[in-house]
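A.B. asks: The primary structure of each chain is shown beneath.
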Amino acid sequence: GAGVSQTPSNKVTEKGKYVELRCDPISGHTALYWYRQSLGQGPEFLIYFQGTGAADDSGLPNDRFFAVRPEGSVSTLKIQRTERGDSAVYLCASSLRPGDTGYTFGSGTRLTVV
Amino acid sequence: AQSVTQLGSHVSVSEGALVLLRCNYSSSVPPYLFWYVQYPNQGLQLLLKYTSAATLVKGINGFEAEFKKSETSFHLTKPSAHMSDAAEYFCAVNYGTGTASKLTFGTGTRLQVTL
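Heads up: the protein sequence lines correspond to chains A and B, in order. Heads up: the first sequence is residues 6 to 119, going by the working numbering. Heads up: the second sequence is residues -13 to 101, going by the working numbering.
Honestly, the hints are just simulated from the structure, not real lab data. Even glycine gets a Cβ: it sits at the ideal position worked out from N, Cα and C. Do not rely on the hints blindly, as some may be mistaken.
What the hints assert, rightly or not - Distance windows between CB atoms, simulated:
| id | chain 1 | residue 1 | chain 2 | residue 2 | range |
| --- | --- | --- | --- | --- | --- |
| 1 | B | 54 | A | 32 | 17 to 23 Å |
| 2 | A | 88 | B | -7 | 20 to 26 Å |
| 3 | A | 66 | B | 69 | 35 to 41 Å |
| 4 | B | 0 | A | 22 | 35 to 41 Å |
| 5 | A | 17 | B | 40 | 31 to 37 Å |
| 6 | B | -11 | A | 17 | 32 to 38 Å |
| 7 | B | 54 | A | 117 | 23 to 29 Å |
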């Protein structure tokens, strides 16, 4: 597609529930990144994919969070047993190849855990 | 560890006035540096980037930034503010390629433009 697409744009879920957030990167981009932006803060790195594999998952806060990118294109961020502290905007970005500078961000998914 | 400091969480300028948003990074190794803008309920849009070429970088919407290694700074400027410049601005740093290509962001500066 023309840009990075993230769905849903908004998600409200109850504490303890499971959620999936989807990212569709720019066609042909091999590198994909997930960031989390809490209110009043800058985005914080979560995980980076190079192709199908997670090259760096050092930003995932705990084992309730994991992400997949099975075919090297669309990625899904999965959060189990959601907590109120997980409420944030989850941003996805992609770049043509790893190490490209200034990659393209999607509009984000605003997750609210009530 | 790499870090980015943005001085001033809120900056207010009059329309037509100079915009100066400050960013300092921590490193002895020149990094790649970026400025992003975020409008309400939107994603991040790249304004400009420094990748070890010219130290004065020109970006979109009339913005520019100068890399000063001696000051470890990458301040963003615009000669004349416009109402449409009101947004959140983020400075970010990237120290390398491959698995080190993740960005570290500052906490952001909210720019307000008044009449």
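A.B. asks: Taking the hints in turn, state whether each one holds.
C.D. replies: Against the structure, the hints come out as follows:
Taken as a hint, the range 17 to 23 Å is violated for the pair residue 54 of chain B and residue 32 of chain A, whose Cβ atoms sit roughly 38 Å apart. Checked against the hint of 20 to 26 Å, the C-beta distance between residue 88 of chain A and residue -7 of chain B comes to roughly 33 Å, which is inconsistent with it. At about 38 Å, the beta-carbon gap between residue 66 of chain A and residue 69 of chain B stays in the expected band of 35 to 41 Å. Separation of residue 0 of chain B from residue 22 of chain A is about 48 Å and departs from the stated range, judged on CB atoms against 35 to 41 Å.
Judged by the Cβ atoms, the range 31 to 37 Å given for residue 17 of chain A and residue 40 of chain B is violated: they are separated by roughly 46 Å. For the hinted restraint 32 to 38 Å between residue -11 of chain B and residue 17 of chain A, the CB-CB distance of approximately 33 Å keeps it satisfied. Distance hint check: the CB atoms of residue 54 of chain B and residue 117 of chain A are about 41 Å apart, inconsistent with the given range 23 to 29 Å.
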